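Participant: Chains as they are written, first to last, in this note's numbering: chain A, 71 to 432; chain B, 2 to 295.
Because the hints were derived from the structure by calculation, they are not lab data.
Quick caveat, the model's predicted, so the values are computed rather than measured.
Don't be surprised by glycine CBs; every beta carbon is placed ideally from N, CA and C.
It is possible that part of the hints are untrue.
Short derived list, chain B residues pointing at chain A, Cβ under 7 Å [said to hold, decoys possible]:
1) ILE36
2) PRO87
3) MET98
4) ALA99
5) PRO112
6) PHE115
7) PRO283
Okay, the calculated bits of chain A under chain B, using three or more residues with CB under 8 Å as the criterion [stated by the list, open to error]:
8) 179 to 186
9) 199 to 206
10) 295 to 304
From chain B, some residues computed to sit far from chain A (all C-beta separations above 12 Å) [what the hints assert, rightly or not]:
11) LEU7
12) LEU8
13) PHE76
14) ILE131
15) LEU133
16) LYS162
17) MET165
18) ALA171
19) LEU212
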Amino acid sequence: MFHRESGYFKTTYMADMALYPLPIARWTVGVLVAVFLVMPPLVTGLTGGIAAEYYISIVNIIMIAVVGALGLNILVGYTGQISIGHAAFMSVGAYTAANLAVKLDLPFWVTLPAGGIMAAAIGVVVGIPSLRIKGLYLAIATLAAQLIIEWIINHVPWISGGSQASIEVPRPTIFGMELRTQRELYYFLLFFAVIAIIATLNIVRSRIGRAFIAIRDQDIAAEIIGIDIFRYKLIAFAISSFYAGVTGVLYTYYLGIANYENFLITTSIDYLAMIIIGGLGSVLGSIFGAIFVTLLPIVIRLFMESFGTLLFTTAELNNIIPAVRLSAFGLLIIVFLVLEPEGLNRLWRNVRSYFRVWPFSY
Amino acid sequence: MEFALLLIGNGVLIGLMYSLIALGFVLVYKATDAINFAQGEFVMLAALISAAVIVMAELPFWVAVIVALAGMIAFSFGLERIVLRPLLGRPIVAVIMATIGLAAILRGAGPFIFGVETKSFSLPVGDEPIFLGPFILQPVQVTGAVVSILFLAAFSWFFLKSRMGIAMRAVADNQQVASAMGINVERYFALAWAMAGIVSALGGIVWGSMLGVDVHVSLVGLKVFPVVILGGLDSVIGAVVGGLIVGIVENLAAGYLDPLVGGGTKDFAPYVLMIIALMVRPYGIFGKRKIERV
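With these hints in hand, go ahead and build the complete structure from the sequences.
Facilitator: What follows is the structure, given as C-alpha cells:
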C-alpha cells in the first residue's frame, strides 16, 4: 500500500523479521479483512439474492485458486522446481476427501487435511526423481505423473466411484449448520485462503523458505553451504502438493462433486499461468495471478457476448468464445514472459514506488 | 505369435512417424537448448494449412506440400524472432511456459481460422492395405515411415558432414565458443527453428492424412516426450530408436493389456516406460550426459 517509511528504523532482528514491517501494513491488512468479512451482505444488499450468489461464487473460485497458486509458487517460484502435474495432486486430494466423506462418513475437518496429506505423499513420490533430474526433465516427469495419475483415477473404480469417475460429496457442516449457498461457503473458503496466505508468508521467511530460495538460486552452492538439497526439495514437493491437495478438496466441496475432469492438464497449466502472470516467488503475485486468471475467461465471455454479436451470430459465438479464450490466455502468458517477467507483482511494486515519493520525482 | 508380429509391424511404422515429429523437438533442443512443448500444435498447424489448401481451395496435393512447408518455415522463423529470442538466458520455466502459451494460442486460433469441423484428405498412395508375410501395412503409414527414414538420414548427413551442420553442432555444444569462432549463433538458432518447421510440416501432412484434420492432431505431440527422453534429448538417432520403442511398446500394450484393464493403455504405457527411463538413465540411450559446474 502507499506508505511512507521514513522515521521507522529496525534496531532488532525481531523487527527485521516482523510479518508487518510498518504499522500501516497492519492497518491495511485490518481494513482488507474487514472488507472481505462484510462483502457477502454488502453484495447481497447491492445486487439482490441471485446475482449476489453469482458474484460471490466467482470470489469463491478465486479464493480456491489462491490456495493452489500459493502452493505451486512455493515449488516453482521459491524452490525453482517445475511441476506440470499439479492438477493431478489436486485430484488426489479431491478423491481422497470424497471417498472418506462418502464411505466413512467423515466431516470436512478430517477429510480436508487427509486429502492434503495424501496429495503430499504422492507429491513426495513424484518429487523423488528431482534429486537426479532437473529443469526440463523434471517438467516432463511431472507431466508423466499428471497423465499416469489421471489414468489410474479413471481406471480404478474403487477410487473414482465407478460411473463417470465422479463422486458426490455431502455439503460441509459447521456446528451442525450445513453450508449450502455460496454466501455460506464464502466464509468457509475465506478461512482457508487466509490460513494459506499466512502460512506461506511464514514458510518463506523461515529457515525452510530460505533454504528453498538458496536451492533455486544455485543448487550446488546451496549444498556446499550445508543445505540438504534432497530433503528440502522433497519438503518443497510435500508442502506444495499439500496445498494442491487442499485446493482439490476445497474445490470438491465447492462443487459438491469430485470429478477428474476438473483436474486435467489444462488446470495445471492454468495454475502455472497464474504464478507467471502474477509473479514467480511472490505471495502477493500468487494472489494477483489467481484473480487475473480466474476473471479472464469471465471477462472475455462478457466482452464477446456484448460486442461479438456485431460480427457473428449467436450460434457462431458459442464456437468462437472458447477459441478466443484459449488464444488470449496463451497470448497473455507470452506477453508477460517477454515484457514483464516478474509479473503483476512487479507492476504493482512500480505503481507503489511511484506513489511512495509522490509528488516528488525521487 | 502372428498377432504379436502384426502389432510389432504396425508399431515400427507408427514409431517411425513419431520419430519424425520428435526430430523437430530434438533439432530445436540440440541447437538452442529451448524446449518446444508446442510440437504437437506445430504438427496440427501444418495439417490445418495443408487441409485448407486441399479441401477448401481444392488445389492439387503437391501445392499443399509446398504451402505447408513455406508456411511452417515462415511461422517458426517469426516465432524464434518474436518470442524466443527475448527469452534467451532466462530460466527454463520461462521457455517451457512460453511454448505452452504458444500451444494454447495455436489450439485456440487454429479452429477459429480454419473451422472446427474435421477435414480429411488422403495421400496420393491409395488405401489398399499391403500384405507382406504376417504383416498387414497401411499405405499411409508406410509412406509416413519412408518419409521419416529419408528425413532422418538427411539430417544425420547434415549434422555429420555439411558445413552448416557442423556449425550447428558447435553452437549446440557451446554458444560462446562458437560465436568466438565466427559462427553467427542467432542465425543458426533461426535455422534450427526453420528445420523444426520443415519436419513439422511433413509430420502434419502425414499425420493429418491418417487421423483427419482437427484440433486432436495436436495430441500426437504428447507422444514426443517419451520418445525424446528414451532416445536422448539431443540425439537424432535417439529420436529414431525412441520412436521405434514407443511405437512398438504402445502397440503391444494396446494389443495385450487393453482387454484386461479396459482400454487407454496406448497413451499410458509410453509414459510408464519414460518414468523408468528417467529413473535409470535420465539422459536417454544416446543422449549426452551433462556435467555441471558451479
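Participant: For every hint, state whether the structure bears it out.
Facilitator: Hints and how they fare:
Hint status for ILE36/B relative to chain A: holds, with the closest Cβ pair at about 5 Å, below 7 Å. A cut of 7 Å between beta carbons decides the hint on PRO87/B: the least distance to chain A is about 5 Å, and the hint holds. Here the hint on MET98/B is kept, as its CB sits about 5 Å from the closest CB of chain A, short of 7 Å. The closest approach between the C-beta of ALA99/B and any C-beta of chain A is roughly 5 Å, which is under the 7 Å cut-off, so the hint is satisfied.
Restraint check, PRO112/B versus chain A: the minimum CB separation of about 6 Å is within 7 Å; hint holds. With its C-beta approaching chain A no nearer than about 11 Å, PHE115/B sits outside the 7 Å limit, and its interface hint is violated. With 7 Å as the threshold, the beta carbon of PRO283/B comes within range of chain A, its nearest partner Cβ sitting at about 5 Å, so the hint holds. For a cut-off of 8 Å, the count of residues in the region 179 to 186 of chain A with a CB near a CB of chain B stands at 0, and the three-residue condition is violated.
Under the rule that three or more residues need a Cβ within less than 8 Å of chain B, the assignment of the region 199 to 206 of chain A holds, with 5 such residues. Counting residues of the region 295 to 304 of chain A whose C-beta sits closer than 8 Å to any C-beta of chain B gives 0, which falls short of three, so the coverage hint is violated. No Cβ of chain A comes within 12 Å of the Cβ of LEU7/B; the nearest lies about 25 Å off, and the non-interface call holds. Its beta-carbon lying about 21 Å from the closest one in chain A, LEU8/B satisfies the requirement of being farther than 12 Å from that chain.
Distance check on PHE76/B: its Cβ is at least 14 Å (rounded) from any Cβ of chain A, clearing the 12 Å threshold; non-interface status holds. Against the 12 Å criterion, ILE131/B stays outside the reach of chain A, whose nearest CB is about 34 Å from its own CB. Separation of LEU133/B from chain A is adequate, the least Cβ-Cβ distance of about 34 Å exceeding the 12 Å criterion. Look at LYS162/B: its CB is around 29 Å from the nearest CB on chain A, clear of 12 Å, so calling it non-interface holds up.
With a least CB separation of 26 Å from chain A, MET165/B remains clear of the 12 Å interface cut-off, as annotated. At roughly 22 Å, the least C-beta separation between ALA171/B and chain A is larger than 12 Å, which holds for a residue marked as non-interface. The beta carbon of LEU212/B is kept farther than 12 Å from every beta carbon of chain A, the shortest such distance being approximately 20 Å.
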